Amino acid sequence: MTVKLPPVRQAVACLVCLAIWLVVTALFVGFRPEHAVLALLLAAMFFITPQSRRLALALLPFFVFGISYDWMNIVPNYTVNPVDTAGLYNAEKSLFGISAAGSVLTPNEYFAIHRSDIADVLAGIFYLCWVPLPIFYGLWLYFSGRRGPYLHFALVFLLVNLIGFAFYYVHPAAPPWYVAMHGFEAVPGTPGSVAGLEGFGRITGWNVFDGLYARNSNVFAAMPSLHSAYTLVAFLYAVRFRSSLLWRWVLGIVTVGIWATAVYSSHHYILDVLGGIACALAGFLLFEYVLMRIPAFSGFINRYKQLVS
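In my numbering, the protein residues as written are 359 to 667.
These are calculated hints, taken from the structure and not from any lab test. Quick caveat, the model's predicted, so the values are computed rather than measured. Incorrect hints may appear among the rest.
[Stated by the list, open to error] SDA-like, lysine to any residue: derived pairs with alpha carbons at most 20 Å apart:
#, residue 1, residue 2
1, K663, L413
2, K451, Q664
3, K663, H472
4, K663, V648
5, K451, M539
6, K663, L649
7, K663, M403
8, K663, P465
9, K451, N435
10, K663, Y500
11, K451, G424
12, K451, P419
13, K451, V462
14, K451, C372
15, K663, R598
16, K663, D442
17, K451, T437
18, K663, G503
[As the list claims (entries may be wrong)] Cβ pair distances, simulated, as ranges:
#, residue 1, residue 2, range
19, M650, G547, 20 to 30 Å
20, Y647, V370, 28 to 38 Å
21, G657, I456, 17 to 27 Å
All C-beta atoms in this analysis are idealised placements derived from N, C-alpha and C, irrespective of residue type, glycine included.
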């Protein structure tokens with residue numbers, strides 16, 4: 359394989375951006391082995407061949423999403439505004455409460471005492487899809503030559519995340535499992551919990567969620583539920599760009615399954631799920647019907663498309 363280096367300006371820009379990311383992460387978040395692996399992967403993709411360089415540029419929205427999520431640890435949202443622990447709980451009970459045994463329960467509390475092995479396994483399967491499936495759909499668009507639709511999807515995926523992250527700072531909120539385990543007092547540094555997803559690990563022997571949630575350093579980011587937004591964004595673009603019927607069915611079923619799992623597993627209230635849906639729709643509509651009608655922005659998207667085509 360012949361290595362074809364990028365233009366000097368692009369090479370310098372790539373190295374400077376990687377250096378800034380790694381230095382800021384090491385100083386303010388904490389350097390982990392996966393940071394080095396990702397940096398080396400990005401550098402290799404950017405420098406080896408024009409094809410790999412185009413793919414690296416195309417994947418930038420997803421890399422920026424990951425970095426933004428990581429960098430929220432620099433200034434935790436619970437240091438910016440008070441954490442909502444009781445407000446959402448009481449609103450959920452008022453709007454969606456279920457009468458049982460002479461008392462009113464939130465849907466999360468109801469499902470916590472009405473569980474089934476089948477539901478536990480399905481919940482785990484659906485929740486494992488929340489990021490991988492949208493990314494796989496994006497890669498399918500990219501490698502099938504639909505670079506324009508791919509960029510629209512990838513950039514809206516990033517935009518929806520940024521909207522959600524901003525709301526985490528405006529309104530830090532505790533998830534239902536936190537209230538069930540710790541009450542209404544917000545304690546910074548409380549470790550994450552698999553909550554209702556424990557059944558998946560118990561039944562299958564695959565404790566993947568333990569590792570994922572143990573590394574969640576900020577549990578006060580429940581509203582909106584971005585779990586509920588990601589596959590919805592992919593579904594919206596599968597419909598908009600007339601992807602195959604199989605893609606639309608898979609994304610539609612998984613999206614509804616994730617919404618149900620979010621509540622069943624006590625990771626989110628119904629209100630959080632509705633917030634995630636609103637986030638996805640807001641990002642989609644803002645991008646397609648506001649930003650894309652601004653000549654400078656649509657011109658940027660066209661230039662970006664040329665870079666990755």
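Structure-based check of each hint:
Pair hint K663 plus L413 holds up; C-alpha atoms about 11 Å apart against a cutoff of 20 Å. Restraint check for K451 and Q664: not satisfied, since their Cα atoms lie roughly 51 Å apart, outside the 20 Å limit. For the suggested pair K663 and H472, the alpha carbons sit about 50 Å apart, so the restraint of at most 20 Å is broken. Distance restraint check for K663 and V648: the Cα-Cα separation of roughly 19 Å lies within the 20 Å cut-off, and the hinted pair is therefore satisfied.
At most 20 Å may separate the alpha-carbon atoms for a hinted pair to count; K451 and M539 meet this at roughly 17 Å. Only pairs whose Cα atoms come within 20 Å are accepted, and K663 paired with L649 is accepted, the gap being roughly 16 Å. With a C-alpha separation of about 18 Å, the suggested pairing of K663 with M403 holds against the 20 Å cut-off. Using a Cα cut-off of 20 Å, the hinted pair K663 and P465 is violated, with the two alpha carbons roughly 45 Å apart.
For the proposed pair K451 and N435, the alpha carbon gap of about 25 Å is over 20 Å, so the pair is violated. Taken as a hint, the K663 and Y500 pair is honoured in the structure, with Cα atoms around 11 Å apart against an allowance of 20 Å. About 34 Å separates the Cα atoms of K451 and G424, which puts this hinted pair outside 20 Å; it is violated. As the CA atoms of K451 and P419 are separated by approximately 37 Å, the hinted pair breaks the 20 Å bound.
Taken as a hint, the K451 and V462 pair is honoured in the structure, with Cα atoms around 7 Å apart against an allowance of 20 Å. A C-alpha spacing of about 50 Å is found between K451 and C372, which places the hinted pair above 20 Å, so the restraint is violated. A threshold of 20 Å between alpha carbons decides the hint, and for K663 with R598 the separation of about 18 Å falls inside it, so the pair holds. Between K663 and D442, the direct Cα distance comes to roughly 42 Å. Violation of the 20 Å bound is thereby established for this hinted pair.
Of the supplied pair hints, the one linking K451 and T437 is violated, its CA atoms being roughly 27 Å apart against a limit of 20 Å. At roughly 11 Å between alpha-carbon atoms, K663 and G503 fall within 20 Å of each other, so this suggested pair holds. M650 and G547 have their C-beta atoms about 42 Å apart, which leaves the hinted 20 to 30 Å range violated. Roughly 37 Å separates the CB atoms of Y647 and V370, a value that falls within the hinted 28 to 38 Å.
G657 and I456 have their C-beta atoms about 52 Å apart, which leaves the hinted 17 to 27 Å range violated.
Figure legend: structure checked against the earlier numbered hints; hints not met, in rising order: 2, 3, 8, 9, 11, 12, 14, 16, 17, 19 and 21.
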